[in-house]
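Spelled out from the first residue to the last, the chains are:
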Amino acid sequence: MVKTDVLIIGAGAVGVAIAREFSKFRGRVLVCDRNDDVGGDASKSCSGLTSTSATMPVGTLECKIRTIAHTMVDVLCRDLDIPIIHCGSIAPVLTDDQMEQVPKLLDKAWQNGVWDYEFMPREEILEMEPTLNPAIRGGIYSPRDSQINQFLMVVAEAENAAENGVEFLLDCEVTGIETRDGRVRRVITTKGEIEATWVVNAAGLHCDDIAKMVGECDFAVHPRKGEFYVLGHDTPVKVKHIISSVPTPKTRGVLVIPTTDDNVLVGPTADDVEDKTDRKTTRAGLEEVRTKALEMVPGLCFADTITQFVGARPARVPEGYHILVSEKARGYVGISGIRSTGLTASLALGKYVVHEMRGAGLALERKVGWVRTRRGIVKFAGKSDAEKDALIARDPLYGKIVCRCEQVTEAEIVQAIRRPVGARTLDAVKRRVRAGMGRCQSGFCGPQVLAILSRELGIPESDVRKRGVAAFMLDHPTDNN
Amino acid sequence: MLGMKTKTCDVVVVGAGPAGLSAAEAAKSAGAGNVLIVERDAAAGGILRQCIHPGFGLKVFGEELTGPEYAERYIERAAAAGAELLTGTTALELRDRELVCASPSGIVNLRFGALVLAMGCRERTRANLVIPGARPSGIYTAGTAQKLINLFGDKVGREVVILGSGDIGMIMARRLTLEGAHVKAVVELLPFLAGLARNKAQCLDDFGIPLLLSHTVVDIDGVDRLTSVTIAPVDEKRRPIPGKEEKIACDTLLLSVGLIPENELSRTGGIALSPVTRGPVVNQFKQTSNPAVFACGNVLHVNDLVDHVSVESAEAGRNAALYAAGALPSAPAFPTVAGPGVRYVCPQSVVADGGEDVTLFFRTTLPGRRTEFLCTSGGKVLATRKSPRTSPGTMEQLVIPKDAVAALDGPVEVRCEHGEVLA
Ligand SMILES: Cc1cc2nc3c(=O)[nH]c(=O)nc-3n(C[C@H](O)[C@H](O)[C@H](O)COP(=O)(O)OP(=O)(O)OC[C@H]3O[C@@H](n4cnc5c(N)ncnc54)[C@H](O)[C@@H]3O)c2cc1C
Ligand SMILES: Cc1cc2nc3c(=O)[nH]c(=O)nc-3n(C[C@H](O)[C@H](O)[C@H](O)COP(=O)(O)OP(=O)(O)OC[C@H]3O[C@@H](n4cnc5c(N)ncnc54)[C@H](O)[C@@H]3O)c2cc1C
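Same order as they appear, the protein sequences are chains H and R.
At position 172 of the first sequence the residue is numbered 172 (my numbering), and the sequence of numbers has no breaks.
At position 249 of the second sequence the residue is numbered 249 (my numbering), and the sequence of numbers has no breaks.
Possibly wrong hints are sitting among the right ones.
[Stated by the list, open to error] In silico lysine to aspartate or glutamate, EDC-like type, Cα no more than 16 Å apart, as pairs:
#1 R:K155 <-> H:D463
#2 R:K7 <-> H:E387
#3 R:K5 <-> H:E387
#4 H:K280 <-> R:D224
#5 R:K5 <-> H:D385
#6 H:K212 <-> H:D81
#7 R:K59 <-> R:D307
#8 H:K280 <-> R:D221
#9 H:K280 <-> R:D307
#10 H:K276 <-> R:D221
#11 H:K276 <-> R:D224
#12 R:K155 <-> H:D475
[What the hints assert, rightly or not] Restraint ranges, calculated between C-beta atoms of paired labels, are given here:
#13 R:A272 <-> H:A284: 36 to 42 Å
#14 R:I248 <-> H:R330: 51 to 57 Å
#15 H:E167 <-> R:I248: 40 to 46 Å
#16 H:E178 <-> R:I248: 41 to 47 Å
#17 H:V378 <-> R:A42: 55 to 61 Å
#18 H:W115 <-> R:P335: 55 to 61 Å
#19 H:I188 <-> R:D235: 52 to 58 Å
#20 H:E118 <-> R:I248: 52 to 58 Å
#21 H:T248 <-> R:A42: 51 to 57 Å
Quick caveat, the hints were computed from the structure, so don't treat them as lab data.
Heads up, the beta-carbon is just placed ideally off N, CA and C, and yes, glycines get one too.
With these hints in hand, go ahead and build the complete structure from the sequences.
Shown next as C-alpha cells:
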C-alpha cells in the first residue's frame, strides 16, 4: 500500500497551491484527482481574473485571503513564467440605478483597502476604452485587476511542485475514507488504497461528498453554472480592459475580457443547478450573455465565436470560505466554499492551510534545495524570423506546424506531453500549448495530435482520450452502447 | 550563427492541393522560369488525399476517378512541367514580395515575382452555429472524420447523426454505413438540400438514410462520450418549434455545415477579403488587391467540383507567370454585382481587356426550376443561360464574350430569375 504524510484530494488551483507550499518541506506529498490532468474543474473554466477585493463582503475570511493573495500573484507569475496581463477593469455605468450604486461601491472598496477604485466621467472612460457603449454615464476604473492564464497557472504550479518532489496521481478518484480512533487512516481510491497521516480535501464542487466520508459535513455544495463565449483573434472589436457589469450584491455579472492569448472571453451567467455533472450550455444562457455584453460593448462580433463552454462554481450553503482542521477526525482538513474568487485566493490559501495545519501540530522541516522557479514551454508563434530559425536549429520539430490556427509546432506538443505532470489527453495538450484552441477547433490538427499522443504515450490511437476516464476520441472497444 | 535562407522564384504557389498543382503546372507552361510549390503536409494532393470515393474528373478527364487518382494526375503534370515541390513546409507570413516559410530545416524567405494563394478551406464548427448542450467526445466535423477513417484507418463511432446536408456529410453517411456504422439521420436546417442532388441519390437514398429537412440539433448530451442529440423541426424563421423535440441516442455527431476559405496567410499580407465569399477579392485574372498575388481554389471561394478548381487555378497560374514577366494586360476594371437571386459573384471585378472570354462564377440564394441567369451591364445583356433546375449547392457560371469584355464601361450585374422557387 502507498503511504504518505500528506494526501491532497483535488488538483485544482487550491489543491495544487497547497501542494506547492508543502513542497518546500520534507515529507511525502501526494495529490490525487479524478481528472486526467491537473487544472481542476472550476479552475480551468473560470474567467481568469485576479482582481482586488474592492467588491468583497467587508471583514470576511474570503476578503482577507483574497486581499493577501492578490499581492502574491505577480511574484508567482514571475517565478513560474505564467502569462498575465495587467489590463485593469472598467465597469461602465449605464442606468440611474447603477449610478446610485456608485457611492456605495466606492465606500466598500475603500473599506477593503482598495483606494485606487475610482469613478471616472464618460469622456475619460470612452477615451480609455472606445469600444464601450457611447450612452454610458461614466465608469468605475479598477487599475489593478488583471487577467491570468488560468490553465498555465495551475500547470506551472504543478510542474514546479513535481520538480520539488510532489507526486501526482491522476485518473484517481477518492471513493471512501476510513477513520479509526478519531484519526483518518486510509483513503480508498479507484487506483488502490493510500495510507495518509493528513488528508486535505480540496475537491471543489465535490468537497461535501468527501467531507461526508469523515462525518464532517454540515454544509452542501451545488454547481452555479457560468456560460461563456470565446471570440477569435481576428474579431474586429476587441476590448483593452476587462469590462464588467456594475456589481450587484449577488454577482459580478457578465464580463468582456481580453485574454492572455489575445482572444475575447465573454460571460459568465450565474445559474444554480442540482446536477454536479451538468456542463451544458443553453440557448437561454448564451442569449443572456450576448445581450448583456452587447449593452456594454455594442460592437462585439459573436459571429467570430470559436467556442462556448460552461464553468461550475462550487456554491456552498451556507456560503463563505471555510477551512476546517478537524478535531473529530484528526488529520482531516476540509476546504469549502471557495466559490467565484478561488483562482486568485488559492495562492494565499496554500499558505493559510499549511499555517493552520502547523497550528494543529503538524511539524514541518524546510528542505534544502527547493527550486523556486520554472520556465514555460517556448512558443514558436509570435517570434521573429531569426528566433524561429534558432528554435528550429535547436529542435527540428519546431519546424513542423501542427496546429495551423494557433501556429503550434510539434516540438511544443511533445514537450507538453513529456514534461513532469505531462499532458495525456487532447484537452490537456490544448490547455498547455493551444493546439486546437483556434478557429477550426482541432478539425485539422486533432488527428495529428492524436497520433503524437499515441506515439509518445505508447498506446493505440483508440485509447487516446479527449479528456476524462472515458471520453475516447475514436470508437473504443470498451464502449458498449 | 548561420544566416537565414533566402530564395528567389518567378512564381511561388502556397498549397499543393488540386488548385496549387494546377496553378504551378500552368505557370510553368506559360513560361515562368522557376516555379515553387510549398506544402505543409508530407505529401501533395490536399483534401483529395482523403476523398477516396469516385466522382472526380468527369469534366476535366471525361472519366470518373477517386480523389487520390485525380490528385496523382495533377502531381505528375506539375512535376512534368518542371514545377518544384517543397513538402513539410508551412507558409507563415506574407510580406509584400516575400513569403516566410518554416520547415524542419529552418526558416526560409522566398522572394517572388508573383505568388499564388491556394491554401484551401476549413470546415465550420459547432461554435459557428451555436448548438447548445454538453461537450463530450464523439463530435467531429465531417472532413475530420473522413481524414481519421480514410487516412488514419481509425473507426470513429457506431450510432451516428449527421447535421448538415453538405456534400462531405452525405459522402460520409455512405462511408460510415459501409464501415458498419448505423447512420440514423441527416438533419438539415434549411428546407432544401445544401449539397449536390447526385450525392443525395447515391449516398443517402441508396442506403435508406433519412434526410430531415427544416430540422436542427437543439441539445447535446453526454458527460464523457456523446450519448444522444435532441433534434427539433424549425419554423420558417429557422427557430426550433418548442414541444416537438425528439431525442436520438447516438455516440457520434458529424457536422457538415459549410466550408470557410482559409485566409490567415492572406490576412498577414493585407490582402483585401470579401465578406461574402470570405476569400480574396479578385479580378478575372484571379489577381488580388496586391497585384503580385493571385488566388484560386477553395481559398478563393468554396467550390463544389474539383474540376472547376483545376480550370480556374490554371488561369491563376498562367496569369501569375505573365505578371512575373511583366506581361499581364492592364485596363480599367469594373465591379461585378450580385443582383437579385444571386449570393455572390467571383471575380469581384472585370478588367476591360478583350484578350479572352471571362467566366463569372456565382451561387444562387434559393433553389428553383426553369431558371434564367442574366449578366448585364448598363442595360446591355452580355450573357444569358437557362437551367431546368438550380440550387445554392451548385456553382453556376456565365461566360462574357471577349468583345463584350473589351467594350465594358460600367459595373456588371448577375441576376437569377426562377420560373418557380423551390424553398
Ligand atoms: C464561471 C466561473 C468564473 C470564475 N471566475 C473567477 C475569477 O475571475 N477569478 C477567480 O479568482 N476565481 C474565479 N472563479 C472561481 C474559481 O474558479 C474557483 O474558486 C477555484 O477554481 C476553485 O478551485 P478548486 O481547486 O477549489 O476547485 P476545482 O478547480 O474545481 O478543483 C477541484 C478538483 O477536485 C477534484 N475532485 C473532486 N472530487 C474528487 C474525488 N472524489 N477524488 C479525486 N478528485 C476529486 C476534481 O476533479 C477537481 O479537479 C470562477 C469560477 C467559475 C466557475
Ligand atoms: C472534405 C471534402 C470532400 C470533398 N469531396 C469532393 C467530391 O467528392 N467531389 C468533388 O469534385 N470535390 C470534392 N471536394 C471539393 C474539392 O476537393 C475541393 O474543391 C478541392 O480539393 C479544393 O482544392 P484546393 O487545392 O483549393 O484545396 P485543398 O485540397 O484543401 O488544398 C490546399 C492545400 O494547401 C495546403 N496549405 C494550406 N495552407 C498552407 C500553408 N500556409 N503553407 C503550406 N501549405 C498550405 C494544405 O495542406 C493543402 O494541401 C471536397 C472537399 C472537401 C473539403
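R:K59 paired with R:D307 [C-alpha distance capped at 16 Å]: 6 Å, holds
Pair hint outcome, R:K5 versus H:E387 [Cα-Cα no greater than 16 Å]: Holds, at roughly 14 Å.
16 Å limit on alpha-carbon distance, applied to hinted pair H:K212 and H:D81: 38 Å, violated
Satisfaction of the hinted span 55 to 61 Å by the C-beta atoms belonging to H:W115 and R:P335: 59 Å, holds
Pair hint outcome, H:K280 versus R:D224 [Cα-Cα no greater than 16 Å]: 12 Å, holds
R:I248 and H:E167 - C-beta distance against the hinted 40 to 46 Å: 44 Å, holds
Supplied distance hint 55 to 61 Å, evaluated on CB atoms of H:V378 and R:A42: Hint violated: Cβ distance 25 Å, outside 55 to 61 Å.
Hint consistency between H:K276 and R:D221 [alpha-carbon to alpha-carbon, up to 16 Å]: Status holds; Cα separation ~14 Å.
Whether the CB-CB distance between H:E118 and R:I248 falls inside 52 to 58 Å: 55 Å, holds
Proposed proximity, H:D475 with R:K155 (alpha carbon, max 16 Å): Given pair R:K155, H:D475 holds - Cα atoms ~6 Å apart, limit 16 Å.
Restraint status (C-alpha distance of R:K155 to H:D463 at most 16 Å): 12 Å, holds
Pair hint outcome, H:K276 versus R:D224 [Cα-Cα no greater than 16 Å]: Measuring from Cα to Cα gives roughly 14 Å; hence the hint holds.
Checked against the numbered hints listed earlier, the structure breaks hints 2, 6, 9, 17; every other hint is satisfied.
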